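Participant: With chain X held as given, fit chain D onto it using these hints.
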Amino acid sequence: MGIAEQVRSFIRESFFVEDFEEGASFLRTGIIDSMGMLQLVAFVEDTFGFDVADEDLVPANFDSLASLTAYVEQKRKRQTA
Amino acid sequence: MCGIAGFTFESAAAADERRTRFGPSLARMTAALRHRGPDAQRGLLLDGVALGHARLAIVDLAGGAQPMRDPETGMTVVFNGEIFNHRELREELAGRYRFRTRSDTEVLLASLVLRGEAALHTLNGQFAFAAWDPRTRALLLARDRAGICPLYFARTAGGLAFASEAKALFAGGQVAPALDFTALAQTLELWSPVEGRSAFAGVEALPPRTLARFQDGELTLRRYWDLDLSDARVEPGSAAHAEAEVEALLGDAVRLRLRADVPVAAYLSGGLDSSLLCAMARSEVGGGLRTYSLTFADRSYDERDAQGTMVGALGTRHRQSGVDQRAVAELLPRAVWHSEQLLVRAAPAPLLHLSGAVQAEGIKVVLTGEGADEVFWGYDLYKETAVRQFWARSPGSRLRPALLARLYPWLAGAPRSAALLADIFGPGIDSPTDLGFSHRIRWRAGARQLRLLAPELAASLAHEDPAEALLATLPPQVSGWRPLARAQYLEMQTFLAGYLLCAQGDRMLLANGVEGRFPFLDHRLIERAARLPDRLKLAGLCEKKLLRRVAQRWIPQAVAARQKFPYRAPAAAGLVGAGAAAWARELLSPEEIRRTGIFDPVQVQRLVKKLAESDCPTESDGSAVVAVATGQLLAQQFATAACPPEAAVEAVALEVA
Chain X
1 MGIAEQVRSF IRESFFVEDF EEGASFLRTG IIDSMGMLQL VAFVEDTFGF DVADEDLVPA
61 NFDSLASLTA YVEQKRKRQT A
Chain D
1 MCGIAGFTFE SAAAADERRT RFGPSLARMT AALRHRGPDA QRGLLLDGVA LGHARLAIVD
61 LAGGAQPMRD PETGMTVVFN GEIFNHRELR EELAGRYRFR TRSDTEVLLA SLVLRGEAAL
121 HTLNGQFAFA AWDPRTRALL LARDRAGICP LYFARTAGGL AFASEAKALF AGGQVAPALD
181 FTALAQTLEL WSPVEGRSAF AGVEALPPRT LARFQDGELT LRRYWDLDLS DARVEPGSAA
241 HAEAEVEALL GDAVRLRLRA DVPVAAYLSG GLDSSLLCAM ARSEVGGGLR TYSLTFADRS
301 YDERDAQGTM VGALGTRHRQ SGVDQRAVAE LLPRAVWHSE QLLVRAAPAP LLHLSGAVQA
361 EGIKVVLTGE GADEVFWGYD LYKETAVRQF WARSPGSRLR PALLARLYPW LAGAPRSAAL
421 LADIFGPGID SPTDLGFSHR IRWRAGARQL RLLAPELAAS LAHEDPAEAL LATLPPQVSG
481 WRPLARAQYL EMQTFLAGYL LCAQGDRMLL ANGVEGRFPF LDHRLIERAA RLPDRLKLAG
541 LCEKKLLRRV AQRWIPQAVA ARQKFPYRAP AAAGLVGAGA AAWARELLSP EEIRRTGIFD
601 PVQVQRLVKK LAESDCPTES DGSAVVAVAT GQLLAQQFAT AACPPEAAVE AVALEVA
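Protein chains in written order, with the working numbering: chain X, 1 to 81; chain D, 1 to 657.
Any given hint could be a false lead.
Short derived list, chain D residues pointing at chain X, Cβ under 8 Å [unchecked claim]:
(1) Q603
(2) R606
(3) L607
Read the hints as simulated data drawn from the structure, not as lab findings.
These numbers come from a predicted model, not from an experiment.
Using N, Cα and C, we set each Cβ at its ideal position, and we do this for glycine too.
Chain D extracted, bound-state conformation:
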């Protein structure tokens, strides 16, 4: 993967004038993304557009330099990501295009030249790119279907500026950094800003599966693909047949993602999904597959036993990286700098540590298992939705909500009363067709964090309703789908694209120049899984049924039968009390809370006191302190536009053409 940046400008300035007027800004933008592409940083100033690229060289190490221009048409691309089917596309296009390199970048360029915007439908990959067509003076921006590669843009005096990360827009002077408090409230309640927003005022996020066209000062966005989970698409068929198809598709998705001119390693959490990927990858590459995993000092968050079983079964070259709560807290400042979001969980931070361990061994690419829980229904959310729907058919029942105690073992203790259970999971039970039915309970939990906001800020946000803002972005057809399909759409748009792939995925990987590849998010697999009957995903209360059956042929029974073990990383002990990191002590002090103005010093003090006195904080208090601490970090780190180091700016090779 790489980093891309650039901007349009008016006028047909002469070449040397372009260099003086726009070169320094482009160089700073590109340098600000150096962590994403440490191998080379180049900029190109054309008539009307500046394009920058920081390269992590993975395919065609010698020939894949960017920006890349088509000599015939002048079409020029900067591209972050991978086109996994580049060999097949190259064969299709070879008769009509004279290829000069072996790179997938040139396949993208040729596809755009020959097929225009329709090229997007032929790409199997993870990508964010910008393409400039000098003939029409149009700038195209696009992101992959699931939202693996990031892309932000801003309207500027000169037209439009874009970058893989917002910090490049700030470094280039395109936008002055300022927090968007609407986005902040949305993040507290929903875990990420609503699709299209970033954490910053004036900076927009290009949504996944979207193509933007900027021409003659007009910007138009359209979804070129969407998840279709309508009932009509479901194929009854036999389970055995569906299973064979999913297995073959997943195998092919893994095979395509092992294509690279550098070694490909894998993350191995010890759960079903990553174990299955590693087993499939191992059978493709033979021996010598490198695997990486996190271990936690606190064993209740740790999966090292399952990891050990898998390493033993596959014979991979495995490396563990251990963290404790203090280490997680120490990593949070860098995690915020890279994720550019307030975080309601500390879970991204250890992944920064893990990608660092991968980079230290000279590895640039890892396979990783994100997406399986969304596509094949692994999360408790799906079970919770199924039970609440079942209960909604007989809202007076006292037995139906009791099923929820089977999902959340702690509920089996206390509150032990079915009536209390009904109060916890009851909100919304009378409107089972509500578009947000599946997520209302957790949004309410998130909204509870809003009480930590400073009263003045809370008052100014009182008219905002994050959940309604989110629901307003959903395409109308979603409301006609069955409840679990609606849940999946919401989950893929908010949790997956807004948080998991972004704050916890791309940013934590690319902070250390490591590319993640996500076989479960191959669009063919997403589309095939969308056509599976519900019972092959969630069978009663058994999650990921079909995937589990596939996995039984690849991995030891003990791992295939494991229940979903959510990945979590506690941090409270590293943020408050005797073991608090120095930065946290300072930023959580009443003076700093007051100075920043986002949170209420009185409430934060209560929270800090409560956590300091408790050895076992609740999830919501643990989340609250991470939210406050990372909100403080975000405000502090992005108070002014940080300039990349002079040496990094000078290292950007600028060309004018």
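Chain X extracted, bound-state conformation:
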């Protein structure tokens, strides 16, 4: 399963939301609540094997499926490089 599919499946199972747009803001559209963001960050760390630094915790990285997928891809690239 690709990164986007893994994240989508986690969100579906954990936040009881069936379908959502790739670019939809998690927080502003209410897909995920504030405590849910903590779970999402933990999921990313556990699943993709890196620690999320404080400065990475910005909406540009975490606020939608598209932005999160891009962030994870970029982190992984940097890890393997």
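Facilitator: Structure of chain D alone, referenced to chain X:
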């Protein structure tokens, strides 16, 4: 407190016909409220109306029987609650009315006979009553200002039926029970149905501070009092003067609420409000005050240390009742039966346990501290609103929303970014004058629970907007008030009246025949606090500033300085996983979820699985499982009209006059 029930009917049927036609229904209604009034159940069939009363005898044990009729005019009342200033009113009326008992019921009756509807303004109390005037054939229904005593009504073929709890309307055959799904969605999002609604189709809740008049088939409702928090009412004055006034008023509110012909005890949570009440009550009654508290096996919800400090300082006869998550889950079915609502928190359930402990010791009355957080601004909601208003003045600021991390300690961890904080608390920040500004964030959290609904039901409710429905019930002047005043009005109408006093208050107390008395909701105190400048309630981020200063003279510093510790009762571990109660296992199974049709079996299964795998569920998941479980219980328990036990029905003494 007591239970009341009744209904109007047409025709001037002969006495024995009235008994046969309407007696059995009235007896079942009254019997259905026996838990509220175990001391006596009586019914009276008059020409045109049936009135029933289940009595919890507290004042004038010998003479206070109801229904009570005025021999001159025939005016008849059934009354649930207390008129705390009954002695003063009796003195005022004594020259014009010949009293036959010492009861506050007769003071209410005399006030209505002599003053008509204007009598309501003179009452200091907590009440729900029905009064029948045979001269005009009008039925009056009224509830107290804050909404402490409940009252429901339904339009029927015979006119109007009413009862303290909806179950009596079902038992009497006045209404067939059916859930109101609009109310269900409102409860998920807002914690209670919007004012005026109940959880059931065809059953309306008489709003607090409202008088209903039913005459010639016409029903009219009017608010006889309202909370006035307008800026113009604020009195600048000195803080010391305001403090002395509030202290004196609160002391008097406590003193009036200790009036009873039976012992009055108190709930002691260990927080500021109940501790202050207990200290004031202790100084009125001297030694021997009994106090009761809950303790939780999970220490992060427990306040036993603060309770111990207070018991030591006051020397009360204290009793603790302990619960754990499994016990909370075991209590939920009875909590739903009594509260007659879907619950988004399990917190009412332990209070059922507590009132049971009070009843077991033969105590019928307790003082309790609800209302202080609304009236004196104790909740985080007020701070959150203040910070978000401050931020709204400069929406681009990254520093202003960071203040929110000081309110919610968990935010200080992660998400650690100010930008994420802005996304969480940002919705609505561009409309600071919005009537619902203070509550939008939590309504959004509630609305998130709607995704658990079955798709067909969700589709049928798609046009509903619970928040807008609520805002539409607010009087127009509220929109002109300052933000924290608007927040208080919303909080008192929704959280306090719709949930705290109702599902978590009256119902959990009266389930075990215990009356709660609420000094912080004395209307004189509510009105005085409404005239305080904001900074005496919320000073910076210090909540209940003025009350805290009063408390310092009454209770140990360690307790007076405590931060607000929200009362919560986790239940998830008793609802899912290895420790789940048997009823929860059954009602949360996919088959039962599908059969009931309210929730989506797939989503519920995901929720159950997630909770079973986690040791520390989030608040929103914990709330979701309580909502689903209690929604299932509500549907199951009210699928058909339950009949009270035959013996209870036969115990109702019926009289025809």
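Participant: If a hint holds in the structure, say so; if it does not, say that too.
Facilitator: Hints, verified against the model:
1. Interface restraint check for D/Q603: the shortest CB-CB distance to chain X comes to about 5 Å, inside 8 Å, so the restraint holds.
2. Given the 8 Å rule on beta carbons, the hint for D/R606 holds: about 5 Å separates it from the nearest Cβ of chain X.
3. The criterion of a C-beta within 8 Å of any C-beta in chain X is met by D/L607, whose closest approach is roughly 6 Å, and the hint holds.
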